[in-house]
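Undergrad: One-letter residues, chain by chain:
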Amino acid sequence: MSRERIRCEEVVKKFGGVTALDGLSLTIKRGEITGIIGPNGAGKTTLFNVITGVLSPTSGDVILDGTVISGLETHEICHRGISRTFQSPKPLASLTVEENLRAAQHFGAGVGGESDDDLSVSGVLETLGLEDSADSYPDQMGIVNQKYIDLARALMTGSTLVLVDEIMAGLTPAEKQSFVDTFGTFHDSFGIDFVVIEHDLETIRSISDRLIVIHNGQSIARGSPEEVLRDQEVREAYAGI
Amino acid sequence: MPESELLSVDGLSAGYDELDVITDITLSVQRGDIVSILGPNGAGKTTLMRALIGLLTPSAGTICFEGVEVTDATVPERIRAGISLVPEENHVFKDMTVKENLVLSAATKTKDRKRERIEHVYDLFPRLDERRGQRAGTLSGGEAQMLSLGQALVTEPDLLLLDEPSLGLAPALVEQMFDIVGRINEDGVTVVLVEQQVKSSVDISDWVYVLSTGQIEDSGPASEIGAVEEIMSAYLGGA
Amino acid sequence: MSIVERSPFNARVTGIVVLAIAAALVVPFFVSQSNLYLFTLAFLYGIAALGVIIPIGYSGQVIIAQGAFLGIGAYTYVKLSAAGVPTWGAVVAGTVLATAVAWGLGRSGIRAEGIYLGILTIVFNELFTALLSLFPHFLGGSTGFPAPPLYLPSFLTSAGMRSETYYWLAVGAYLCALVITLRMLSSETGWAFLSVKDDPLAARSVGIDTKRYRLRAFAYTGALCGFAGTIFAPVVGYISPGSFNLSATVDILLAGVIGGVMSPIATILGSFVVVFLPQVLRAFSDLRLMIYMILLVLIFIFLPQGISGLVSTYLPGIRRWLR
Amino acid sequence: MGLSIHLLVETSINGLIFGSLLALTAIGLSLVFGVVDVPNFAQGEYAALAGFATYSLMQTGLGLLPAAAIALALAAVAGVATEHLIIARFYGRDQYMLYSFFATFGLAFAFEEGVRHVYGTSFVKIPAPALGSINLAGVDVNALRVVTGLGAFAMLLVLYFYTRYTHTGLSMRAIADDSVGARIIGLNERRLYKITFGVGALISGTTGIFYGVLFSMSPTTGFNLTAFAFIIVVAGGLGKFFGTYAVSLLVGLFESFTATFLGSRYRLFIVFLLLFVLLAFRPNGLFGRVAE
Chain C
165 MSRERIRCEE VVKKFGGVTA LDGLSLTIKR GEITGIIGPN GAGKTTLFNV ITGVLSPTSG
225 DVILDGTVIS GLETHEICHR GISRTFQSPK PLASLTVEEN LRAAQHFGAG VGGESDDDLS
285 VSGVLETLGL EDSADSYPDQ MGIVNQKYID LARALMTGST LVLVDEIMAG LTPAEKQSFV
345 DTFGTFHDSF GIDFVVIEHD LETIRSISDR LIVIHNGQSI ARGSPEEVLR DQEVREAYAG
405 I
Chain A
48 MPESELLSVD GLSAGYDELD VITDITLSVQ RGDIVSILGP NGAGKTTLMR ALIGLLTPSA
108 GTICFEGVEV TDATVPERIR AGISLVPEEN HVFKDMTVKE NLVLSAATKT KDRKRERIEH
168 VYDLFPRLDE RRGQRAGTLS GGEAQMLSLG QALVTEPDLL LLDEPSLGLA PALVEQMFDI
228 VGRINEDGVT VVLVEQQVKS SVDISDWVYV LSTGQIEDSG PASEIGAVEE IMSAYLGGA
Chain U
-1 MSIVERSPFN ARVTGIVVLA IAAALVVPFF VSQSNLYLFT LAFLYGIAAL GVIIPIGYSG
59 QVIIAQGAFL GIGAYTYVKL SAAGVPTWGA VVAGTVLATA VAWGLGRSGI RAEGIYLGIL
119 TIVFNELFTA LLSLFPHFLG GSTGFPAPPL YLPSFLTSAG MRSETYYWLA VGAYLCALVI
179 TLRMLSSETG WAFLSVKDDP LAARSVGIDT KRYRLRAFAY TGALCGFAGT IFAPVVGYIS
239 PGSFNLSATV DILLAGVIGG VMSPIATILG SFVVVFLPQV LRAFSDLRLM IYMILLVLIF
299 IFLPQGISGL VSTYLPGIRR WLR
Chain D
7 MGLSIHLLVE TSINGLIFGS LLALTAIGLS LVFGVVDVPN FAQGEYAALA GFATYSLMQT
67 GLGLLPAAAI ALALAAVAGV ATEHLIIARF YGRDQYMLYS FFATFGLAFA FEEGVRHVYG
127 TSFVKIPAPA LGSINLAGVD VNALRVVTGL GAFAMLLVLY FYTRYTHTGL SMRAIADDSV
187 GARIIGLNER RLYKITFGVG ALISGTTGIF YGVLFSMSPT TGFNLTAFAF IIVVAGGLGK
247 FFGTYAVSLL VGLFESFTAT FLGSRYRLFI VFLLLFVLLA FRPNGLFGRV AE
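As you go down the protein sequences, you meet chains C, A, U and D in turn. The working numbering numbers the first residue of the first sequence as 165 and each following residue consecutively. The working numbering numbers the first residue of the second sequence as 48 and each following residue consecutively. The working numbering numbers the first residue of the third sequence as -1 and each following residue consecutively. The working numbering numbers the first residue of the fourth sequence as 7 and each following residue consecutively.
Hints are supplied without guarantee of correctness; some may be wrong.
DSS-like, lysine-lysine: derived pairs with alpha carbons at most 30 Å apart [said to hold, decoys possible]:
hint : chain 1 : residue 1 : chain 2 : residue 2
1    : C       : 178       : A       : 246
2    : D       : 200       : A       : 161
3    : A       : 161       : A       : 141
4    : A       : 141       : C       : 254
5    : A       : 146       : D       : 200
6    : A       : 156       : A       : 146
7    : C       : 254       : C       : 193
8    : D       : 200       : A       : 141
9    : A       : 156       : D       : 200
10   : C       : 178       : C       : 193
Calculated from the structure, these hints are not laboratory results. Since this is a predicted model, take the numbers as computed values, not measurements.
Looking at chain C on its own, in the form it has when it is part of the complex (with noise of 0.2 Å):
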């Protein structure tokens, strides 16, 4: 297959009088950790409720793995092996934590039911330091903690590209070190990619193979996170000179 998993094409998306997207065009490779950064109202997570069908663009398109996915419901692309976090994170409160992870595992797959993989609830949960709350409700916990169940949440849905926005924003650098290792561990070993929406440069640029910078609802620079954050234009735009 080849290395592409996700291709946008000129997307643009206009809310009323605003342009949140304004012809913007990215490629996502497999087998990389994606980092997107820019500064606020830049159109990130406007391009991340494009890609997963939460909004249609208004013109432009999104292509997975080669087929056009722009005018698909969010469901449907979660069975195509695409899901997310949130940047406020949305537990399912009426379910237990570990109900989340089952939810997620058995609907994730789509028609075909529980895929096979070796993403076990029980697995993940301890991965990512839950498995004491499994059967407590989200509310009672953390907003940290509810960051991780959005993420063990989309992991279960055995999707093999997880988009995560803003999860570290106001964790302490321990805690954002442990979620750089959570999607090293989850990228190395078993397989699954990240396209990761971040402030924080130091962690985008430990965790990214790939960086992409978005301004003004347009992509304006990409390649590594060395070469990216030299780049004067990404300066500039993120200190609003």
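Starting from the known structure of chain C, fit chains A, U and D onto it as the hints suggest.
TA: Only chains A, U and D this time, still in chain C's reference frame:
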């Protein structure tokens, strides 16, 4: 509290249903200053602003305004005392006209004082004067931001809290926004500004606080706060 | 833990359930004929009330047309039995038709949200009763018509045991409906319903087709109420639009909500209140309906979680079981 | 049924008058539904309360106007009491709308039973001065109807200016538009919820008195007016003043024409079928904002 101190916050913690987003914040704002609060997304900037205006009751700490403790004061009481907030996303009343939005926000003022303040806002924003009779829902992003600012200014505040006024504005308008903040300050209004635009904020500020993971990382006069690079790395969560 | 273990049938609970069933079975020997009729009605309302728990408690959809689905079951039973269809055939047909109509209603209201869906279903309920009175000869108009009895094997209906048989039938039907509902709600389908209520966006992002499960909640509601309707008709002996209009729907809704909108097992508590409270208030003659309504408003104010909520606050152990 | 012009004009005038009556209760409901998020199923009962109260007060010898004034005050008090004693308990609860819906449903049935107890099932009409008839477009129309229709229209104008030029009127529209924005500019929501229920009940009360003067009232009058109000608000969309008024006139005309030409057998069925189709395809009302 030194005479010139308009607002003093001591050991403030606040958040949403028992989860504190900001913890043990202590800061002081001198009368007539522009104070910038910088920090990455999720550092607690908006939570701090909501606690200052009274939308959020803090779990600990005190807030004093002009020497009077307002920690438990309601929003209307704080507005009457002279504080007002321009929220992050604008909350203008879309189905009401620009004029009605301003009239309603100036409710605490006497009749003729109200007309004077509304005229003052129309001078500051001629575009709003032109579209006075139109529904606020028809305004562009920039115009709606001006109206939101106008709604705060009609109450004749001594302290104006501005939560990311440049968010979602086209680059040209951002320039204009910072000029307006400067002019408002020259009219004698003290401003606390929360912004993403690091360089432009520092340029117009007298004092800067850098907030990260709910705590104040760094603070000092704008001139000595150090090169923009330093702030950027602190702001962007550098090691 | 597999799904079945986790569901509430562990030892202590099974004890209570067996006790309850035993008690229910001996009731006919201690109760007068008229009260036995009310007990039977209470169990039928209990089945219909399960059709309140699933949409309002689990999938978070305001469906207010349970009376109409009850009516579809009842009228189908009566028309088919009159046409010579054997009893079980009429019961199955009534249930299936009610399910299909409910699914159709859900399909046509797919875009309506929250209270607007509620108003759409209320209008459907009124449409149903208005429709009945438009076809006097075929559907009995506003006067309605008698319902043939259930043709059961002779040994059951011998020696005037009919009201007892109907009572045991109603208890059996309620228990079957309850078990099926509990199993379904503690399975993945139950999770899907809860996810649709909690956060449709999060549900879709883990692969749940929220539209399909919203329609499925309508279908379950239609099936349960329709099934109850097919037994309701022979038990009452006479059906007319009045037994399936908005106030019938309100009674079924109250049966579901009083018990506690999240606990299927408590529907029997709610339906007993709805059936017996008006009798208890008989002393106040024509004011009894007014007092009945005021009492119910007070229940909403002071018992937000319903009786099961009250019970679980004082018996925390039971909370998990009553969900 | 000869389709004489005379009959057509008369049916239209009656429809418009009835429509402007319905508009008052519909706008009352639209205020309560829009500002306090309560689908108030007891909205029509405030009308019935004012109508029956006027009738009873006049039995004690009071004139029409003083009786009506007291009745309207009673309705307003009933509105505020509904908010204070019942709805206020549900603030902050999840499924708040469901609880307030059921509670107002129960309240409506309870009130209806109370009316049945006090007035029995007989029809009650408010005695009003006979004003003879006026010639409108060549048609003799009962003057009382015209005066009542104009009265309803005047009430609508008062209401329009109230929501445009008074502080509480503007505040109500602001809360309905953006309750967070309303809190930020310091509006006291709880106080305004009470005023909204009071004003909503007062306006609906006016419908009740006009209805009682023109037609005769029965215990189910309140429920019928509520049904019409919901049809109009759902069709007209929330908070659209002129949308609601226009739809009220349409419903009034529809009601008048089907009553005259179709007879009542099909009327109920057609009204509900119309509303069902409308809700299925325009769940947020014809003029309503499409849910973002």
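Undergrad: Is the straight-line distance between the alpha-carbon of residue 156 (chain A) and that of residue 146 (chain A) 30 Å or less?
TA: holds, 15 Å
Undergrad: Is the hinted pair residue 254 (chain C) and residue 193 (chain C) satisfied, with a Cα-Cα distance of at most 30 Å?
TA: holds, 27 Å
Undergrad: When you check the alpha-carbon spacing of residue 178 (chain C) and residue 193 (chain C), does it fall within 30 Å?
TA: holds, 27 Å
Undergrad: Hey, residue 200 (chain D) versus residue 141 (chain A), does the alpha-carbon distance stay inside 30 Å?
TA: holds, 24 Å
Undergrad: Is the hinted pair residue 156 (chain A) and residue 200 (chain D) satisfied, with a Cα-Cα distance of at most 30 Å?
TA: Satisfied, since the Cα-Cα distance of roughly 24 Å is no more than 30 Å.
Undergrad: Measure nothing beyond the straight line between the CA atoms of residue 161 (chain A) and residue 141 (chain A); if it is 30 Å or shorter, mark the hint as holding.
TA: OK: residue 161 (chain A) and residue 141 (chain A) at ~21 Å, within 30 Å.
Undergrad: So if I understand the rule, the pair passes when the alpha-carbon distance is 30 Å or less; does residue 178 (chain C) with residue 246 (chain A) pass?
TA: Distance of about 29 Å is within 30 Å: holds.
Undergrad: With the threshold set at 30 Å, check whether the alpha-carbon distance from residue 146 (chain A) to residue 200 (chain D) stays at or below it.
TA: Holds. Residue 146 (chain A) to residue 200 (chain D) sits at ~26 Å (cutoff 30 Å).
Undergrad: Would the hint linking residue 141 (chain A) and residue 254 (chain C) be met if the CA-CA limit is 30 Å?
TA: Holds, at about 29 Å.
Undergrad: Does residue 161 (chain A) sit within 30 Å of residue 200 (chain D), going by the straight-line distance between their CA atoms?
TA: It holds: about 27 Å lies between the C-alpha atoms, which stays within 30 Å.
Comparing the model with each numbered hint stated earlier shows that all of them hold.
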